[in-house]
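As they're listed, the protein sequences go chains A and B.
Position 3, counted from 1, in the first sequence is what the numbering used here calls -7; the numbers after and before it change by one each time, with no gaps.
Position 15, counted from 1, in the second sequence is what the numbering used here calls 751; the numbers after and before it change by one each time, with no gaps.
Do not rely on the hints blindly, as some may be mistaken.
[Unchecked claim] Here are the simulated DSSO-like pairs of lysine-lysine, each with C-alpha atoms no more than 30 Å apart in a straight line:
| id | chain 1 | residue 1 | chain 2 | residue 2 |
| --- | --- | --- | --- | --- |
| 1 | A | K7 | A | K68 |
| 2 | A | K1 | B | K846 |
| 3 | A | K5 | B | K843 |
[To be verified] Partial selection, computed: residues in chain B whose CB lies under 7 Å from chain A:
| id | residue |
| --- | --- |
| 4 | N767 |
| 5 | R777 |
| 6 | G778 |
| 7 | Q838 |
| 8 | F841 |
| 9 | G842 |
| 10 | G844 |
| 11 | K846 |
Think of the hints as simulated: they come from the structure by calculation, not from any bench.
Think of the CB as a built atom: it goes at the ideal place given N, C-alpha and C, for glycine as much as any other residue.
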Amino acid sequence: GAGVSQTPSNKVTEKGKYVELRCDPISGHTALYWYRQSLGQGPEFLIYFQGTGAADDSGLPNDRFFAVRPEGSVSTLKIQRTERGDSAVYLCASSFYAGPRGGEQFFGPGTRLTVL
Amino acid sequence: SQQGEEDPQALSIQEGENATMNCSYKTSINNLQWYRQNSGRGLVHLILIRSNEREKHSGRLRVTLDTSKKSSSLLITASRAADTASYFCATADAYSGAGSYQLTFGKGTKLSVIP
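Here chain A stands alone, though its shape is the one from the complex (with noise of 0.2 Å):
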């Protein structure tokens, strides 16, 4: 009956290293939504998965960025040769719909990436 949870909750790694994070969804939500945010400002979409596949990736910023939900359950946020601009905030988000029927979003307490 948890909530959505994130690990780590914090993350040091060096610029080029490669990172995971990890999301895990408040069980039978569908739909799995990656932001980032950034010092200031508003989450930003990442990515978006209904079920398994991601629907919608359209927010990643390059292709070192890639996540996978093999189960339709778990996530993984996968950073390859981890930059500096790459440092933020990564929060997870789930929802029992996707669309506008399920509207509400359930957030996890994020990531916090430092890449030194």
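Given the coordinates of chain A, assemble chain B onto it according to the supplied hints.
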């Protein structure tokens, strides 16, 4: 990219006063939502208003929507110190390609309620 623009960027009021935050957006929407965020981490959903609705209430919250002006307002009545947080409006577009219903957020209003 950010769709919404919240106004003001920061607001400081005394406990017990009302707080009003405004949001403007650019495209046609299906619904508009308000979220609250403490300390730059997870967002909490407050209220959703659909494009065919003009006003909605939830406890001490009142939201209005004017689709002709592409704007919304969030009113928090009888504010408390615990209301101190950042407040974001987020829109779900009426026309979303590939069936995605991503939310597009504004930059937020930082509310401080002084005890």
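For each hint, the structure was consulted:
{"no.": "1", "hint": "K7/A / K68/A", "in the structure": "11 Å, holds"}
{"no.": "2", "hint": "K1/A / K846/B", "in the structure": "26 Å, holds"}
{"no.": "3", "hint": "K5/A / K843/B", "in the structure": "27 Å, holds"}
{"no.": "4", "hint": "N767", "in the structure": "6 Å, holds"}
{"no.": "5", "hint": "R777", "in the structure": "5 Å, holds"}
{"no.": "6", "hint": "G778", "in the structure": "4 Å, holds"}
{"no.": "7", "hint": "Q838", "in the structure": "4 Å, holds"}
{"no.": "8", "hint": "F841", "in the structure": "3 Å, holds"}
{"no.": "9", "hint": "G842", "in the structure": "5 Å, holds"}
{"no.": "10", "hint": "G844", "in the structure": "5 Å, holds"}
{"no.": "11", "hint": "K846", "in the structure": "9 Å, violated"}
In this structure, only the earlier hint numbered 11 is contradicted, and the remaining ones agree with it.
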